[in-house]
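**Q** Listed here are the chains, written in short residue letters.
There are 2 protein chains.
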Amino acid sequence: MGIGIDLGGTTIKGGIVSTQGHIFEERYIMTESRRGYRAVLDDLVQLIKALQEIAPTEKAVGIGIPGIVSGDGSTVLSSPNLFWKNRALKKDLEARLSINVLLVNDATAACIAEAAFGSIIGRANAMMITLGTGVGGGLILSHKIITGAHGVATEVGHMIMGENFYTCNCGKNGCLETFASGTALVRYCDMRLKQGVSSSLKKSNILDGKIILHEAKTGDKLALEAVDRLAEYLGMAISNISDVIDPEIYTIGGGLSYAGDFLLEKISFATKKYLTYPDFAVPEIVLAELRNEAGIIGAANLMHYI
Amino acid sequence: MGIGIDLGGTTIKGGIVSTQGHIFEERYIMTESRRGYRAVLDDLVQLIKALQEIAPTEKAVGIGIPGIVSGDGSTVLSSPNLFWKNRALKKDLEARLSINVLLVNDATAACIAEAAFGSIIGRANAMMITLGTGVGGGLILSHKIITGAHGVATEVGHMIMGENFYTCNCGKNGCLETFASGTALVRYCDMRLKQGVSSSLKKSNILDGKIILHEAKTGDKLALEAVDRLAEYLGMAISNISDVIDPEIYTIGGGLSYAGDFLLEKISFATKKYLTYPDFAVPEIVLAELRNEAGIIGAANLMHYI
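Chains as they are written, first to last, in the numbering used here: chain U, 738 to 1043; chain H, 738 to 1043.
A couple of the hints might just be wrong.
A pair counts as met if it fits within one copy or between any two copies, since identical chains are not told apart.
The list that follows gives simulated cross-link-like pairs (lysine to aspartate or glutamate, EDC-like), each with its CA atoms no further than 20 Å apart [as the list claims (entries may be wrong)]:
1. 1003 <-> 780
2. 909 <-> 1016
3. 881 <-> 809
4. 828 <-> 780
5. 954 <-> 790
6. 1009 <-> 900
7. 822 <-> 1016
8. 822 <-> 1030
9. 947 <-> 985
10. 881 <-> 985
11. 954 <-> 829
12. 939 <-> 1026
Hints listed in this document are in silico derivations from the structure and should not be mistaken for laboratory results.
The following block holds chain U by itself, in its conformation from the complex (with noise of 0.2 Å):
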């Protein structure tokens, strides 16, 4: 058992997780940041104290980040959708709980999700890659995750790919995630509409990723063309990343990989372009299992992967 919190921009989700992967209790507040750091971190106490009067005897509760966590654990040196910078979470929650706490970047939360109890059970090495809005990823080596000296490991979205047409919101221009995330299907089509490409996306009043694969299935050619520039790109990080670490597999999760085997065919065929030992070194690239629940589960399995 293990409790779970995943503290994302809108929603506060916590939960009590079954050694079998499965919630119980789970509980929402939503996040309202704008409030301030104070306002959370009481909600974060609530939450926290009412799972565990329910699980009393649990040691440990895991909180996934939408952001960077230092390498020590112990700060949120960074969260865009939080508005935190270099927040003392861990000893401030710790101060007034009974309880151990451990922080997770988000991704990495699922990442754990899905090596225990979805897409990559029982894998040694393996990589998660998460495509929503952003990029994000999540590294397990030896079975343990991989999170880096500074907090900074697996932030794959920004990896540099390429000269692209706009510039990331981190400052750099041709991060992958400007070529390989929900925000770049929209820009990228956005933009041929812009040029006067025909397409039956011109009917969406507003896109969105979702939209887009969706078009692409049914064969619209721009949509296809913005699917397939995204697994292009995707396919050229992935051999990237297995040039620096060599996964066995990777796991692609996250709101666009709902997409299912139509994105994950054109990701494995644009890897297998690009990967440098194509006779001997061809990671497995599957799709991930869990959804909207990966980030409590992962979370209250934190413990048993650091």
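Given the coordinates of chain U, assemble chain H onto it according to the supplied hints.
**A** Positioned in the frame of chain U, the structure of chain H alone reads:
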């Protein structure tokens, strides 16, 4: 103490290494790999037996390989320098020797030597990048080497960095080593000289990385342009590697690194431009300290890093 072998394309070097990292009883044989696998195998057996006579209590010998060693450490999957493919070197040697045989990629061996006695001594998470004819790498996480599920981890010379005007030996276009190696310097200067650019490099009948670095130091415009280009791409690659595994320190080795602070400053400057989190996640970048003997020293210490 340990027995280490540096199996190079030209020379097989073996030695006994003290616990302080000093080599005594160094022995050489010419590799002459054109003779075929069996002849090199015979020479390795004789060399190791001779070293065992001097150090009869050693239980393992480490061998640095100029190529890819399989993830399980049993097989040389590919070594263009030796003309080997899929050679079960561990089994073939152990059948004729009374000692455990441990295989490792040569750049990883150099990384071990730096971790045990050189520039990254005592560092838990460190990456070595070797700049020679090509670009190699070694990675230590939690004081252990990372070789990957298929043995191709730290093949960072083949990360794709952008389009280049010539194709890499591996068959891909845009590999880091076509931008940031001795070969890359020569190819770039050759290309620019053919375009009619004036340069002191015109005096040299045969160009190599060392000459180009020397001329860059003395202020030759073309040589400087080539070295700046190398540093730019290497900085981008280092920032991409930090986005994957975020080591606390990088050490730059290989023949080009003998250019010293002149090159190091350029690489550090370029890296800072591309780092994703320059405010709180800046790795140290230093020069390797061990030179030609790093291969033997690292191989002899392999057993402590696996």
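**Q** Measure nothing new, just compare the shortest in-copy and cross-copy C-alpha distances for residue 881 and residue 809 to 20 Å and report within, between, both or neither.
**A** both (15 Å within a copy, 19 Å between copies)
**Q** Using 20 Å as the alpha carbon limit, work out where residue 947 and residue 985 are close: within a copy, between copies, both or neither.
**A** Neither way: residue 947 and residue 985 sit 29 Å apart in one copy and 38 Å across, limit 20 Å.
**Q** Go through the copies and call it for residue 909 and residue 1016: within, between, both or neither, with a Cα cutoff of 20 Å.
**A** Cα proximity of residue 909 and residue 1016: across copies only (14 Å, versus 35 Å in one copy).
**Q** At 20 Å max between alpha carbons, let me know whether residue 1009 reaches residue 900 within a copy, between copies, both or neither.
**A** between (22 Å within a copy, 18 Å between copies)
**Q** Reference check for the pair residue 822 and residue 1016, CA-CA at most 20 Å: within, between, both, or neither?
**A** Intra 46 Å, inter 11 Å, cutoff 20 Å: inter-copy only.
**Q** Evaluate residue 954 and residue 790 at a C-alpha cut-off of 20 Å and name the case that applies: within, between, both or neither.
**A** Classified as neither; 48 Å inside a copy, 69 Å across copies.
**Q** Between residue 822 and residue 1030, at a C-alpha cutoff of 20 Å, which is it: within one copy, between copies, both, or neither?
**A** Neither way: residue 822 and residue 1030 sit 26 Å apart in one copy and 46 Å across, limit 20 Å.
**Q** Could you place residue 1003 and residue 780 in one of the four classes (within, between, both, neither) given a Cα distance threshold of 20 Å?
**A** neither (43 Å within a copy, 48 Å between copies)
**Q** Up to 20 Å between alpha-carbons, please classify residue 881 paired with residue 985: within, between, both or neither.
**A** both (14 Å within a copy, 18 Å between copies)
**Q** At most 20 Å between CA atoms: does that hold for residue 939 and residue 1026 within a copy, between copies, both, or neither?
**A** Neither: 32 Å inside a copy, 60 Å across copies.
**Q** Since the copies are identical, ignore which copy is meant and state whether residue 828 and residue 780 lie within 20 Å (CA to CA) inside a copy, between copies, both or neither.
**A** within (16 Å within a copy, 60 Å between copies)
**Q** Reference check for the pair residue 954 and residue 829, CA-CA at most 20 Å: within, between, both, or neither?
**A** For residue 954 and residue 829, the Cα distance exceeds 20 Å both inside one copy (48 Å) and across copies (53 Å).
Hints 1, 5, 8, 9, 11, 12 from the earlier list are contradicted by this structure; the remaining hints agree with it.
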